Amino acid sequence: MYRSNHSMETMRRTISRKGECMKNLMAEVAALLEVEIGEEFDIEGIGLSFPIINPFKITENGLIGHKGGEISCSLYRLLTGEWTIIKKPWKPEEDDKYYYVNPDGYTESSRFFHAFDYSMLHSGNCFRTEQEAEANREAIMEKFGWE
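Residue numbers (our numbering): 11 to 157.
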């Protein structure tokens, strides 16, 4: 743990110039890895001599492990492709807007708060964006035999 914190501090000093820090690139790193800042995900790795304890998330401070500590070596392994991110399915909170494909193949939206919404979630027909719902239209139509 000390070594990990020490290396992060060394990195911070290295990227510091004349007392001013360079631009924080963690949002770009998250986008590169196709996750959002603060989104929890699992990591899968190969050839490990130790178990990976999930979940993780990327914050403005770096890759954060399940106990809240920065893990710079794991971020390196993600960026080099040695480890892979396993995204967790999105689950809306109460009153969140979500999108779904109706039996006629149209994309509709709803607010998440009653039994219908839970049925959409558990059937795999619950998407964060309209674009995600549209991208999954054919699969949903086929899954439910709505073609």
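The reader is advised that the hints may include incorrect statements.
Okay, derived cross-link-like pairs now, DSS-like style, lysine-lysine, Cα gap no bigger than 27 Å in a straight line [unchecked claim]:
| no. | residue 1 | residue 2 |
| --- | --- | --- |
| 1 | Lys33 | Lys67 |
| 2 | Lys77 | Lys107 |
| 3 | Lys153 | Lys97 |
| 4 | Lys77 | Lys98 |
| 5 | Lys67 | Lys107 |
| 6 | Lys153 | Lys101 |
| 7 | Lys97 | Lys77 |
Hints are computed from structural coordinates only; laboratory data are not their basis. What you are looking at is a predicted structure, and each value in this text was computed from that prediction instead of being measured.
* To do: Sort out which numbered hints this structure fails and list those numbers smallest first.
  => Hint 2 contradicted; others consistent.
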